[in-house]
Amino acid sequence: MSTRVERWLSTTVSSVREEPDFATLLAENQRRVFQIAHGILGSPADAEEVAQEAFLRAHHRFASLRDPAPFRAWIGRIAFRLALNRHRARRRQLARETAWQATRPQTATDPTRTPADHLFLDRLRSEIDLLPEKLRTALLLSAVEGMDAREVTTVLDIPVGTVRSRLHLARKRLLEVMKP
Amino acid sequence: MNACHRWNDLLLDYAWGACEPAAAARVEDHLAACAPCTATLADLRTREQQIDAALGQLVRGAEPSSHFRAHVLAAAQASAAPAAGQPAWKGALAAVAVVLLAAVFLPPLAERWAALTERRQTSVSLSEWRSPTESLLRAPAHELMQSAPRLGEFYFPLDSLFPETGSENGGTNNES
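From first to last, the protein sequence lines stand for chains A and B.
Here the numbering used here is used: the first residue of the first sequence is 1, the next is one more, and so on.
Here the numbering used here is used: the first residue of the second sequence is 1001, the next is one more, and so on.
Hints were generated in silico from the structure; no laboratory data involved.
On a predicted model such as this, the values are computed, not experimentally measured, just so you know.
Just so you know, not all the hints are guaranteed correct.
DMTMM-like mimics (lysine to aspartate or glutamate), calculated; alpha carbons at most 20 Å apart, straight line [stated by the list, open to error]:
hint, chain 1, residue 1, chain 2, residue 2
1, A, K172, B, E1020
2, A, K179, B, D1043
3, A, K179, A, D129
4, A, K134, A, E176
5, A, K172, B, D1009
6, A, K172, B, D1013
7, A, K134, B, D1052
8, A, K179, A, E127
9, A, K179, B, D1009
10, A, K134, A, D157
11, A, K179, B, D1013
12, A, K172, B, D1043
13, A, K179, A, D117
14, A, K134, A, D148
15, A, K172, A, D129
16, A, K172, A, D148
17, A, K179, B, E1020
18, A, K172, A, E127
19, A, K172, B, D1052
20, A, K179, A, D148
21, A, K172, B, E1048
22, A, K172, A, D122
23, A, K179, B, E1048
24, A, K179, A, D122
25, A, K134, A, E151
Let the hints inform the model, and build the full structure from the sequences given.
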């Protein structure tokens, strides 16, 4: 009997030891979560706000999100939803305003890029913004570091085949419109 | 070029490696004989590489700021702090709420409790009820009734009941 108790105690203690704390999971996921938000919003400042909000929500629910795998999936989904909501709100606001060009998100400036690169990036960003939301989100999420089609399905909550089909369509449209 | 227009979609699939083997073989046969389509395929591949690189820069180009982690942890601690040290008025408010709830819900609960107690007592008394026959069987005559009378014996002195026939019946009874 005592050996069973000891065995149970040792497994419980070891499982408690193996559970990462919030700071560890934050460090592991912050880059990806930021990129998800940045992909949707195109603004580093907005992306950081959204990522922070997503992590704060995760902190409130941390008791049920201690395992790294569910945490990764959950934080990706919540960051995506928050970013999408903000993007939609911004679009509504832009639609109301006449001088929308002035508030349009600008691509982060990089001194190593040539003016032609900047032009190409701005043009690509504009064309991506013109894509239907379903195609745009699939395309942008697939470009996030370390996100394969399977993980995009987790965030979007749609089948893998649908993700592939949306990616195919989005890339095809971009190839058509990005002709020199 | 117009004659090759129908190959455009297939060229795209071919560039992505998404063609069926038979379709891929047809495209390769056509490319071998068509310089414009070969140029189109090369252009598609170049453009796709440019788009891929630019897409990576758009999404992965920016990094969270160096103090992002510290900000999140500080905000998380700040949002968790009020739970540990709640203001005094919140406690008082909670106490008033408890008293009000007790005042509202306790009287009906007490009435229900009394009704339940009464029903329980009734059921107990019903379960303890015994029929009169059982009490008669436990009477002092019970042993007498259980033993069978011997020949010529009576349970009761018949002389006292029928004085005129006492001698004719043999005059024997339990007492004799």
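Enumerated hints in conflict with the structure, sorted upward: Per hint list: 17 and 20 violated.
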